[in-house]
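One line per chain: the protein sequences are A and B, in this order.
Heads up: take any position in the first sequence, counting from 1, add 2, and you land on the numbering used here.
Heads up: take any position in the second sequence, counting from 1, add 43, and you land on the numbering used here.
The set of hints was computed from the structure by calculation and includes no laboratory data.
Be careful, since some hints might not be right.
[What the hints assert, rightly or not] Listed next, the in silico EDC-like pairs over lysine to aspartate or glutamate satisfying Cα-Cα at most 16 Å (straight line):
#	chain 1	residue 1	chain 2	residue 2
1	A	K169	A	D68
2	A	K7	B	D61
3	A	K7	B	D62
4	A	K258	B	E200
5	A	K43	A	E60
6	B	K201	B	E226
7	A	K44	A	D68
8	A	K28	A	D39
9	B	K201	B	D190
[Unchecked claim] Computed from the model, here is a short list of chain B residues facing chain A with C-beta under 10 Å:
#	residue
10	Q126
11	V133
12	A158
13	D187
The beta-carbon is built from N, C-alpha and C at its ideal position, and this holds for glycine as well.
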Amino acid sequence: MSPDKGRYHDNYDRIDSRHGGFLGGKALFRGVVAAEDLAGKKTQTEALLLGFMGRYPEPAETRLFDALICLNVYPDPRIWTMRVGAYAADGKSPFPSAYSAALSAFNSRIYGTQPIVECGHFIVRSMEALAAGIPLAEVLSAERKRNPVLPGFGRPVAPGPDERFTKSVSLLEECGFKPGPGLTFIRETATHLNDEKGIWPNYAASFSAILLDPPFSFTVSQLYPSAQCIAHLPLLFAIQDVVENRRERNPFLPLKVDDVRYTGSVFRPVPQSGEI
Amino acid sequence: MKERARVTTAIWNEKAADDNPFYPRESYCCGYDYYGELLGRFSWTSLLYLQLRGELPDTRQAGFFDLMLSAVMNPGPRDPQNQSAMAAAVGGCPVGGSLMAGFGTSQGSREGGGAVEACMAMLDLLVAGEVVADRALLTERFGDGEDCPGFGLWFGEKDHRAPLVGNLIRSRGYPDRRLSLLETLGDDLRLYGVFAAGLGDLGFTPRQGHGLFMISGGGGMLAFLCEQYSVHWSGFPHWFGYGEYRYEP
Numbered sequence: 003m004s005p006d007k008g009r010y011h012d013n014y015d016r017i018d019s020r021h022g023g024f025l026g027g028k029a030l031f032r033g034v035v036a037a038e039d040l041a042g043k044k045t046q047t048e049a050l051l052l053g054f055m056g057r058y059p060e061p062a063e064t065r066l067f068d069a070l071i072c073l074n075v076y077p078d079p080r081i082w083t084m085r086v087g088a089y090a091a092d093g094k095s096p097f098p099s100a101y102s103a104a105l106s107a108f109n110s111r112i113y114g115t116q117p118i119v120e121c122g123h124f125i126v127r128s129m130e131a132l133a134a135g136i137p138l139a140e141v142l143s144a145e146r147k148r149n150p151v152l153p154g155f156g157r158p159v160a161p162g163p164d165e166r167f168t169k170s171v172s173l174l175e176e177c178g179f180k181p182g183p184g185l186t187f188i189r190e191t192a193t194h195l196n197d198e199k200g201i202w203p204n205y206a207a208s209f210s211a212i213l214l215d216p217p218f219s220f221t222v223s224q225l226y227p228s229a230q231c232i233a234h235l236p237l238l239f240a241i242q243d244v245v246e247n248r249r250e251r252n253p254f255l256p257l258k259v260d261d262v263r264y265t266g267s268v269f270r271p272v273p274q275s276g277e278i
Numbered sequence: 044m045k046e047r048a049r050v051t052t053a054i055w056n057e058k059a060a061d062d063n064p065f066y067p068r069e070s071y072c073c074g075y076d077y078y079g080e081l082l083g084r085f086s087w088t089s090l091l092y093l094q095l096r097g098e099l100p101d102t103r104q105a106g107f108f109d110l111m112l113s114a115v116m117n118p119g120p121r122d123p124q125n126q127s128a129m130a131a132a133v134g135g136c137p138v139g140g141s142l143m144a145g146f147g148t149s150q151g152s153r154e155g156g157g158a159v160e161a162c163m164a165m166l167d168l169l170v171a172g173e174v175v176a177d178r179a180l181l182t183e184r185f186g187d188g189e190d191c192p193g194f195g196l197w198f199g200e201k202d203h204r205a206p207l208v209g210n211l212i213r214s215r216g217y218p219d220r221r222l223s224l225l226e227t228l229g230d231d232l233r234l235y236g237v238f239a240a241g242l243g244d245l246g247f248t249p250r251q252g253h254g255l256f257m258i259s260g261g262g263g264m265l266a267f268l269c270e271q272y273s274v275h276w277s278g279f280p281h282w283f284g285y286g287e288y289r290y291e292p
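Please model the complete structure; the sequences and the hints are all you need to start from.
Quick look at the structure:
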């Protein structure tokens with residue numbers, strides 16, 4: 003039997019989990035019993051970090067992760083992902099579907115989770131290159147050939163420093179942690195880019211660096227779910243905003259016909275030899 | 044009957060290869076050899092009909108079904124479902140996620156799949172004589188706080204597309220029992236109402252109608268969202284700095 007066929011046989015009727023399940027009459031999660039060890043004893047953020055790290059977090063770790071969540075609670079339906087949720091809510095899609103729609107759109111290149119994950123890859127790649135003795139300028143030059151817009155740098159909606167970057171860095175220190183290697187690299191890169199191009203780091207840079215550095219030491223693959231947990235609240239509230247304000251049936255952000263600039267073919271008759 | 048069946052379906056039947064129980068050597072769709080006989084002889088629309096209704100459509104049914112699906116294929120770039128898909132794509136969300144953004148928007152009970160489902164359920168009961176053809180009562184029971192399903196104004200005007208499609212249905216001699224029923228309830232019929240009536244007359248269930256409305260709209264959605272990948276994010280309407288934002292906590 004080929005290894006590929008064998009994989010199907012080996013996994014037939016079998017599920018492997020490192021996270022938990024309802025087993026032996028108990029809801030288990032990362033080695034603890036949810037009803038006995040978590041409920042009423044731990045906060046949601048502590049449960050989240052238990053899931054990501056496989057251990058209970060220290061109070062300072064919980065405070066820092068919690069602070070990152072709070073730093074992102076601003077529902078603004080002008081931002082694309084929240085606009086999607088608002089449109090769905092306005093059309094009376096079920097709440098979970100509107101949320102799902104917004105979450106799908108949240109996986110965007112210019113905002114949301116992609117920049118955090120891409121910045122994580124950028125940090126890991128660059129630090130490997132720096133460890134191999136390649137100068138920072140060369141590392142950044144190579145990265146910019148790969149992608150002219152470095153993930154974690156620049157901000158579409160407002161010029162100047164991203165307040166979430168500066169605040170998240172100061173929160174790190176307030177919680178008693180020193181900037182780790184990832185954040186140090188981001189700061190050096192920021193200095194370099196700001197001097198050269200006037201480009202500032204954004205939330206994605208500090209968030210991914212903080213999550214990759216100690217004390218969290220997440221892997222890049224953990225950045226997607228952790229970033230989702232940190233930043234998903236505004237989507238919920240952008241949807242709820244529309245639901246609560248639907249009383250008067252005001253349509254959400256309607257466009258006029260002339261708001262659309264058409265660039266296609268001019269009017270032409272349908273060919274006589276049509277399909278039907 | 045297989046002894047340890049995990050999945051029950053009347054739509055798809057696979058025959059496993061002798062040496063690999065996971066590999067489908069043959070695939071039958073509603074009894075027909077899908078890759079050996081159906082494929083290449085029937086249109087996508089007819090094969091969709093087969094999977095939902097269990098039988099291949101005759102020429103008339105296929106034409107009617109195709110007309111209904113085509114009627115709701117694209118509500119235009121300003122429609123919320125397309126705006127959602129486009130908003131996702133212009134920000135660099137992958138195609139699948141952008142489609143999901145659009146589909147998440149197109150299933151609502153206000154002019155979406157949910158509204159089609161409600162209209163079809165209402166029509167089924169009307170045809171069965173289980174409810175009275177009274178618009179006020181029907182609105183209260185099926186309207187989810189909106190107009191009677193299938194009715195209402197479109198951007199504040201009567202939906203001119205509805206009678207156009209209704210005329211096409213009749214000019215081709217397609218069944219119009221449910222369409223006629225709707226017409227007795229008011230002259231502000233919406234296009235999705237005609238769609239719901241048509242699908243009901245073709246024998247589809249309300250849930251199938253809900254999904255077919257979404258799937259058909261997915262065609263236009265895909266075209267619009269793919270177009271957005273070549274547009275800069277600042278070229279999309281209502282981005283930051285555009286218009287008025289009223290915040291009253």
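Should the interface hint for A158 of chain B be scored as holding, given a Cβ-Cβ cut-off of 10 Å against chain A? holds (8 Å)
Does D62 of chain B sit within 16 Å of K7 of chain A, going by the straight-line distance between their CA atoms? Distance of about 10 Å is within 16 Å: holds.
Hinted pair K169 of chain A and D68 of chain A, Cα distance within 16 Å: holds (13 Å)
When the least beta-carbon distance from Q126 of chain B to chain A is tested against 10 Å, hint result: holds (6 Å)
For a C-alpha distance cap of 16 Å, please report whether K258 of chain A and E200 of chain B respect it. holds (14 Å)
How about D187 of chain B: closest beta carbon in chain A under 10 Å, or not? With a minimum Cβ separation of about 7 Å from chain A (threshold 10 Å), the hint on D187 of chain B holds.
Hint consistency between K28 of chain A and D39 of chain A [alpha-carbon to alpha-carbon, up to 16 Å]: holds (12 Å)
Check whether the Cα positions of K44 of chain A and D68 of chain A lie no farther apart than 16 Å. holds (13 Å)
Are K201 of chain B and E226 of chain B close enough, with their CA atoms no more than 16 Å apart? Holds, because 13 Å separates the two Cα atoms, which is no more than 16 Å.
The hint names V133 of chain B as touching chain A; please verify it with the least Cβ-Cβ distance against 10 Å. holds (7 Å)
Can the restraint linking K7 of chain A and D61 of chain B be considered satisfied, given a maximum Cα separation of 16 Å? holds (13 Å)
Going straight from one Cα to the other, do K43 of chain A and E60 of chain A come out at no more than 16 Å? Answer holds: K43 of chain A to E60 of chain A is near 14 Å, not above 16 Å.
The earlier numbered hints are all upheld by this structure, with none contradicted.
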